[in-house]
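Colleague: Based on the hints, put chain B in the right spot on chain A.
Heads up: the sequence lines are chains A and B, in that order.
The opening position of the first sequence corresponds to residue 1 in our numbering, with each subsequent residue numbered one higher.
The opening position of the second sequence corresponds to residue 1 in our numbering, with each subsequent residue numbered one higher.
Treat the hints loosely; a few may be bogus.
Because identical chains share one entry, a pair is satisfied inside a single copy or across any pair of copies.
[Stated by the list, open to error] List of simulated lysine to aspartate or glutamate pairs, DMTMM-like, C-alpha gap at most 20 Å:
#1 Lys-205 x Asp-31
#2 Lys-5 x Asp-31
#3 Lys-93 x Glu-7
Honestly, the hints are just simulated from the structure, not real lab data.
2 protein chains.
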Amino acid sequence: MNAQKGEHLLIIGGDAAGMSAASQARRQRPDLKITAFEQGPYTSYGACGMPYYVQGLVEKAEDLVIRPAEVFRKKYDIDARVLHRVEEIDLQKRAVLVRDLKENKTFWEQFDQLLIATGASPIRPKLPGIDARGMHSLSLIPDGVAIRRAIEEESSKQAVIVGGGYIGLEMAEALTARGLEVSLVELLPQVMSTLDEDMAGLVAKILEQMGVTLYLGEGVESFQTSNGHVSGVKTSQHLIPADLVILGMGVRPNVGLAREAGIPLGKTGAILVDEGMRTQVPGVWAVGDCVESFHLVSGKKAFIALGTVANKQGRVAGINLGGGNAHFPGVVGTAITRVGEMEMARTGLSVREAEDLGLDYVTAFIRARTRAKYYPGGGSMAVRVVAEKETGRFLGGQIVGTAGAGKRIDVLATALHAGMKVPQMLYLDLAYAPPFSPVWDPVLIALRQIAGKL
Amino acid sequence: MNAQKGEHLLIIGGDAAGMSAASQARRQRPDLKITAFEQGPYTSYGACGMPYYVQGLVEKAEDLVIRPAEVFRKKYDIDARVLHRVEEIDLQKRAVLVRDLKENKTFWEQFDQLLIATGASPIRPKLPGIDARGMHSLSLIPDGVAIRRAIEEESSKQAVIVGGGYIGLEMAEALTARGLEVSLVELLPQVMSTLDEDMAGLVAKILEQMGVTLYLGEGVESFQTSNGHVSGVKTSQHLIPADLVILGMGVRPNVGLAREAGIPLGKTGAILVDEGMRTQVPGVWAVGDCVESFHLVSGKKAFIALGTVANKQGRVAGINLGGGNAHFPGVVGTAITRVGEMEMARTGLSVREAEDLGLDYVTAFIRARTRAKYYPGGGSMAVRVVAEKETGRFLGGQIVGTAGAGKRIDVLATALHAGMKVPQMLYLDLAYAPPFSPVWDPVLIALRQIAGKL
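Excised from the complex, chain A in its bound form (with noise of 0.2 Å):
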């Protein structure tokens, strides 16, 4: 299944995921045929770097983009096209109909094997005012750069923020550095769903001393306009004032293409494929934010738009496209962020999703030092951590801490995947120096303390 001698390898969609495919494959394949069509103007860019352009860390958009769409064409002789939307993918003709966006023209292109590289795009809900002027999503870069133009050109000086995840957070931090006045409406109790609710309390904390005005447990109702400006953003019990709205509530996989050619889709609704990242139809692949990814502590299919996790699936999909045999063996849930001077990172699962599993759990929190106490710099950490009660087996961790704190989850996202169980895991010889940790690392700590309720 994998492509024959100068067949036509064609991607739909240039960011990380199909472009890392696109690479692979043609390092092992010169005599491929490769064409990559990407509906934005640029291709393989760092979308999760986007809140740090905002921000004002990353000066330009450009330097976003880590290869653009002129290299892949003359170092890789990948033909890739941007502003080309693809608009339908016909199985039996095996073609896609093309709209250059540029020329607003169709054309259909033949393909032998083709890859699905489509993403996912932000969550809009449907309610009056969502298409005002003001309202933003952040998903692709003309998104950063319209945020960026609103702050530094339309001069915005409230922003309310829609959803306390990953992006949501960001933007708290990038907003409030350029000194926008920021509200942060979520409609859960906490901040970060996928932290437990203590680990949750210590970022709404950070976030509050960095002055933003939470509003937890509050669904946003409609946005009220003016002039087809937003001017306020009205929740089931607060009307916040803003002339900048950002959505940061989650995004669904773009299968509009695929689930019309007859694609299977999986129980997610994101693109079902193997661990070879091949959809249920022959010569048709798929990876990135639209497909799905087998959970490896849960064992079930779960959605996680992750860039890391796009380009690995990319790598895998341009392995076997190449003759190769790569297996994605999955995720186990590794996520991390910073707000502030403050990391915060977790991993597997968290005590809520065990209970959502039925598993019988144990859990344990502990509050530690980064560094050796008597070592500068230093600063405190907390970390939870979960196991199976019975076997003992490692389920999952979070930590919240500063600096050299939110890396300390690989070694509980390692340990996932090897499958450890708590046992074999309290003298891990972690690297001790004064200045790197306290002689038991802050991990160990709260593993020695879960240990003990086994």
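Modeller: Below, chain B alone, put in the same frame as chain A:
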């Protein structure tokens, strides 16, 4: 073989290993009588912090003391006595001969359970001039105090460090920061013998940029003196003027007492213990820098003197003494330090060690960014990894790089504990966000590279 009700647990050595065993045993067993004899003036001190004390990053030597003897006495009911040196163990009488160094009197003290935590001592080669004034090791707190006094009160100006290991490097930075002219002499052709040549080369470069003069591949032949004070270091090729010499040539386990009592040592020359920290003599336990460890990757015994290992072993012994059933699985050879802004870490087997063990290995070296390219404040890091060719078993890794690079070694250390193979590690779900990592963590880039050679 655990302690019986009301028994007397006697501990020789009041640093990390011994006192952590004492505290753990106390926590589980309020009935035990616990006595600890420490020959130095402090209990439970952070010896690893001494270079930072010399540098001035830690103000007072007392800041390094995690828990003073009074606290053990008052809060834990542990009779911790400093300035008490144990001079003999009599296994027949089940007693030790103790010298009260303040009163200069000896007495016999009975025990039911004996825990040996005598630590290790710096190697002092029997070379001419070794006992001159101005010659220093760095093992106990008074050593650090003496060095700082030499700088602050005796105005030492020209320091020579003998040995390019962890202590040597940390002292090179400390003394450079204090304004001394620093030379470092190392018998081997590279610094940091636990790193492979190219990685050590990166470290050497940093030392040189810091102003340290390196004399590599040169053995010390004698220490020149003037009026009983060191005035120079004569190597096989140079005569280096010096008014302060630091010996950083490694340590040897303090096993004299144990050996004379007939407690069996292992092949490494350190005390032989099982996974529960029991020696071969019933009722006699040993922990910390005086025992040998099982190296989980080489499958051989190794002598590794590190505070974090000592603490873990102390805890295991304490649990077992208290009636529990804990196992110290062994080490994977993880270590970390920093010089200036550069961090260096290692775990498992180096290329040289894999070779020495006769393993059929492959290795890979990569350079990558510590953060997303567009995110400010990132730097570069180098990673070397080693794997077994036939089985794909991951064997070890080394990292040299800027802030955030070093602790990434913990991912590799965890994988070693779990016995992971490289193909299992290629798509580890490690935490990604632009302030923390490129979209492919450098560790994964290195693993990807080595996978291509399997």
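Colleague: If a hint holds in the structure, say so; if it doesn't, say that too.
Modeller: How the hints compare with the structure:
no. : hint             : result
1   : Lys-205 x Asp-31 : neither (56 Å within a copy, 44 Å between copies)
2   : Lys-5 x Asp-31   : within (6 Å within a copy, 79 Å between copies)
3   : Lys-93 x Glu-7   : within (15 Å within a copy, 86 Å between copies)
Hint 1 from the earlier list is the only one contradicted by this structure; the remaining hints agree with it.
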